Amino acid sequence: MSNRMVLMPRDSACLFTYWEVEEKTKKWMGQYFQSNWNELDFKLRLYKSEDANVANGKLQHWDMNIQKEDDHFFIFNLVPDQFYYIDFGIDKCTDEKIFTLLRSNVVTLPSNSIRRRKGAPAKAYPSNVLYKQPIWRDYRRNASWFRKFTGYNLTK
Amino acid sequence: MKTFNLMLHAHLPYVFHGQNEKAIEERWLFEAITECYLPLLDTFERLVIDEIPFQISLSISPPLITMLKMKELQERYIQYLDQTIKLVERELEVYGNTKAPPSLIMHYYEHFKQLKVSYCTKWNRDLLAAFHSFEKLGHLELITTSITHAFLPYIHSKEGKRAQIQHGIDEFVEAFGSRPKGIWLPECAYEQALEELLLEVGIQYMYTDSHSIYQNENEKEKASSYVSPVVTPKGIVSLIRDDKLCRQVWSLLEGYPGDADYREYYRDLGFDAEENYIKPFLHPSGIRLNTGLKYHRITGKEHKDWYNPVIAKQKIMQHAEHYTHLLAQYEHNDKDVATPLITAAFDAELFGHWWYEGPQWIEQLCRNIATHPSVQMSSPSRYLEHHITKNRTELTFSTWGRNGHGEVWLNHKNCFIYPKLHDMEYKMMELVNHYIHPTDLEKRVLEQCARELFLLQSSDWAFILDNETTVEYAMRRMNLHSERFYYLVDQLASQQIDAVILQEIESLDRIAIKVNLSHFQTMGEMRKVNDKKSRVIVLSWEFPPLVIGGISAHVYELTRQLANKDVEVHVVTCHSQDSEAYEWVHGVHVHRCLPLQSDDHEFIDWVFQLNIAMYDKAMELFSYGFTFDMIHGHDWLVSYAATQLQEELKIPLVCTIHATEHGRNQGIFTSLQEKIFAQESKLMRQSQKVICCSKSMYEEIKHVYGIHESKIRTIPNGINVEHHVDSNKTYMEDWSDDPIVFFIGRLVREKGVHILLQSVPDILAHVPNAKFMIAGTGPMEEHLHQQVQSAGLHDRVKFFGFADEEDRYHLFRKATISVFPSLYEPFGIVALESMAANVPVIVSDVGGLSELVEHDQTGVKVPSHDIKALASSIIHMLQHHAWRDALAHAAYEKVKSDYRWDHIAHKTLEVYSDVTEKQKQNTFHTNDDGVDIAN
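Just so you know, the sequences run in chain order A and B.
Going by this note's numbering, the first sequence opens with residue 1, and the numbers climb by one from there.
Going by this note's numbering, the second sequence opens with residue 1001, and the numbers climb by one from there.
Take the hints with a grain of salt, since some may be wrong.
Stated by the list, open to error - DSSO-like mimics (lysine-lysine), calculated; alpha carbons at most 27 Å apart, straight line: (1) Lys26/A with Lys1086/B; (2) Lys1116/B with Lys24/A; (3) Lys1069/B with Lys1675/B; (4) Lys24/A with Lys1315/B; (5) Lys92/A with Lys1532/B; (6) Lys1420/B with Lys27/A; (7) Lys1086/B with Lys1279/B; (8) Lys1894/B with Lys1565/B; (9) Lys48/A with Lys1234/B; (10) Lys1122/B with Lys1099/B; (11) Lys1702/B with Lys1861/B.
Just so you know, these hints were derived from the structure itself, not from any lab.
Predicted model only: the values in this text are computed from it and were never measured.
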C-alpha cells in the first residue's frame, strides 16, 4: 500500500474519493503531533475551481468531517463542468485549518448541457492538468511568516 | 442521401480456465459463437452471394480475439456443439420432454448441424479469418478496443491507460496484419485525457455515446446541430451514437427484441426439462444451464406460446422496413453538414444471443437499404475519405451506461475495486522502472504481472457487480488475478522465481501475446544519464534558482563537483516558481517538491510539510529502483526527512550544519528556537558524520550540541575562482569615479549591516566621495532603509535588492572594497567571493570570517559591534591603494589554492568513503549522545 488519494468523477454532480495512509506515515504523524494516530481528528477538504490550472483560478473549498475508520466517500450535489481536487488532512482544531497529508489528482465533472455554440473555439485541457499534479499554489510566499524567513529560521 | 453506419462491438471477458474443461463460463463464448458470430458470418455470406452492397463496422475485442484463436477452446466448442446436437437428437427421439412441436425441434436440429458445418468446414474453425475475409471484400471495417476492455477513465495513470490502448492495438495488428483506423472505447467511456493516447497509436476516429454531446431530453433538440460525426479539439473524429435509433433496437421495452413473436430468451430446455432427462446434458455439478434450445416466444408477461420461426420472420421483415424508414426520415438542422454519418452502435451479442432474430434482421435491413433510393450504408473510413468533418466541439466524460456517465462502474457495490486496481497499476510501473535490464526469467515474470493487471482491469467485473448477475464469479476472478500478480511480485523480490508455476500461470492467462513493458515506464529519461559508482541523495531545502540563504549556492557547487567524480547525485529540494519538477543540471538530478499546504500554517508546520514532500519523493525514487548509498542532509530544515529516510532505508546519513539556531540567537529563548534546536540535535545525533565549515562551528557543535569530536569534520565552503559571467546590464555607472564600499548578504540582524550604516558618517568625514552599495534582501530591509533616510544618507547609500549570480559577479568587480561586519557568521562565503574577485575585504573577527581572513595579510579583521574600529579600517583601506591591492592579491592566491570546489568535493567524498567503509565493517556504533564509539 502507498499513500494515495484518488478522486474520480461519477457523473455531472457526483465525485468519488478514496485514500490510503501507510502505517509508517501514521506513526510519523503521531510523533510530530505528539499523539496517537487514532486520537487525531481528520477532515476532507474539497476544492473547486473554474480554471483548469487550479493554481491560478479562484478557489472555493468545503471541509467535511469524517470518521476515523472512513477510507472512501461519495460526494453528491456538485456543480458540473468545474475542476475539483480534494485533500485529506489532520484537523488542527484551530481557525478551521487542516494539515494536509494527502492530495488527489484534479478531475473535471462532465457538463450536463451543451455549453458550446457551434463554431466557437473548443479547448483542450493541458496534459499537466489531466495527469500530473498541476503547480499547486505556493503558500510559502503568502505565509504570514514569509517576510521574517532568513533561509535558516525566522528573524525576530 | 442518408448515410448510415451500423457498428457491432463483439466482446466477451477472457474466460479460459485451462485444463478445467467444464468451466461454466467458457459456455459464454460457445453460446456467443453459436448464436451470434456464426449466424452473422452466414448472414454476411448470403449478402455477398446476392451481391448486396453492405458495409458494417465490427469491433472484436482482444480477449475475444485471443479466445477465438485458442486450439483448446476450438476443440471444446466442437464438443459443445456435438453435445447440443445430441440433445436435439434426443428431443427428436422422444419428441420433446416438454412436448415442443416437432417442426420446431427439427428447425433446431438442422440449425445446429448447419452451424457445425459452417464452423468446421466452411470457416475451418478460424472465425477471425472469416471476418477478415469480409473486410477484404470491402463489406466490413474491423476495429478493436483496449486489451482487456478496461473502463479507461477509471484507470488512474497515463501509463496505465496507454498500456491498455497500445496493447489492444498490438493484438489487433497481430491478428489482422494492419493497424485499425478507429477504436471502440470500452463501454463508450470517453474522457478528454484519452485523445492524446489514441493519437499516439494512429487512431482517426472513435465512437462515443450521445451523452458526450448532451445530457438530457431538452438538449437533444439543440444537439441536432451537432450531427455525427464531430471532431474534437485534438482532431479525433467522434461518431456519436444516435440515441433514438439505438433504443429502437436494444430496448426490451420499446425496441424490436421485445416483440411478442420473437423468441423468449428466458425459457430454455436446460431449465424447463425434467431433471433426470436433462442431467446428462448439464454441467457435471448438476447446475442447470442454457442449452440454446428455446421453444417459446415472448407472447406476454406470464403465458408463453410456442415459437414460430415463420411468424417471427414476418416480424423481422416488418421491423427491418420500419428501421429503414426511420433512417430515410432522419432529419437534422445543421446547414453545414450535407451528409451526416448516422451512427447506431450495439453489442454484437445482442444480435443472436439476446435477440435471436437479430442477425436475420441485420440481413433484411442490408437488403432494404441496398434498394432504397435515399439511404446507403458506409464504414467510417469510407465516409471520412469523402467528407470533411467540420463540427469542432469539446466532448464531455460519458459512457453508454445507465444515465450516461460512470454510475454503473462506480457505485457502492463496486467502488471497493479501485484502490486495489490502482495499487497494482502503480506497482506495475514501479516494477518496470526498477527492473531496467531484467533477465529473461524476470522479463517473463514482469510480462505476466502485466497480464494479470490487464485482466483485473476488465470493465466486466464492475459491470457484473452492479447488475448482480454472476457476482461470485467476478469476485473469484478479481481475487485470482490479484493473487497471481502479488505472488509474481514476491517471486521477483525474493529472487527465487519458480519457473514451473510461472509457466502454469502463463498457460492460463494468455491475454496479450507480446507485452511491451516500456508502456509502463515513467523514468526512462532519468535512467539514461546514469552509470556511476555510487549514488547519493542530497536533501536541501533550497537549490537554484531558489536562493534565499547560502545553502543554495553551496549545494549547487558541491553536487556538480561530486557528479564529476563518479557519483550519481539526486538533489531533492523545494519547488521554485517556473522551474521544472525534474531537471538534469550539470550532471545532477534535481527533484523539486511542493509541500501540500492549504492554509497559512506556522513556519515549523510548513517545514514539516516540505519534509514530507521530500521524503515522499525520495521514497518514490527508491521504489523505482534508485538505491542510495548515502543520504546527505543540509541543515535542520531537512532533518525530518533525513532522519525518517535513514530509518526507512537503513543507509548512512551525513549532515552539513551551515549555521545553528543557538549561534544565530546567541542562545535559545523562544519555543520556535527550542523546536529548531531539537531538530538540529536529532539530525546531528542520528548522522554518522557531521560536516561543518569552520573551527568555530566545530567548537559550537561539540560544546553546545554535545556531539563527540570524532564525529565532526570541518570542510570549508568552496568558491569558483575562474568562472566568468557576461552581462548586458550596467552596474553603479554613476559612481564610476568614486570609491565604493560594498556589502552583499541576507539583510538580517546577524549580518551587522546596521553597524556598517552607523559607521558611514565617520567615513564620509574622511572620504567625502565614498559610496555604499548594499545588495541582498531580508527581513531587516525596511529597517535599514529607514536608518539611511533618518541619517540623510540616501544619496550615498543605495540598496540593490536581490542579486543573482550575474549581478554578484559584476557588483564585486565594481567595488573598491567589501565589508562584512557580521555579528555571527559560521563561515562567510561572501568574503570568499570577494577575495576570488580580487576585492580586498574587511570582516568582523567572528566565526568563520575570523578563520578565512589573516589580518593584514589577506584582509582586515575588526571586532564585531565596534563602529569606530570598522570606520577606521574602511577609511584606511580607501586611502591606501597599494596596500589594499596587495591584500587583495594575497587573498586571491589563497582562495585559488585552498577553496576550490573540486577540492571541497574531494574532502566530502572522503567523508562518504569513511562512513561507507565503517558501515561495511559494521563498526559504526554510536551511543545515545551520538558519540562514535568505534573512533
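For each hint, the structure was consulted:
| no. | hint | in the structure |
| --- | --- | --- |
| 1 | Lys26/A with Lys1086/B | violated (64 Å) |
| 2 | Lys1116/B with Lys24/A | violated (62 Å) |
| 3 | Lys1069/B with Lys1675/B | violated (68 Å) |
| 4 | Lys24/A with Lys1315/B | violated (67 Å) |
| 5 | Lys92/A with Lys1532/B | violated (45 Å) |
| 6 | Lys1420/B with Lys27/A | holds (23 Å) |
| 7 | Lys1086/B with Lys1279/B | holds (13 Å) |
| 8 | Lys1894/B with Lys1565/B | holds (24 Å) |
| 9 | Lys48/A with Lys1234/B | holds (26 Å) |
| 10 | Lys1122/B with Lys1099/B | violated (34 Å) |
| 11 | Lys1702/B with Lys1861/B | holds (25 Å) |
This entry does not satisfy hints 1, 2, 3, 4, 5, 10, going by the numbered hints stated previously.
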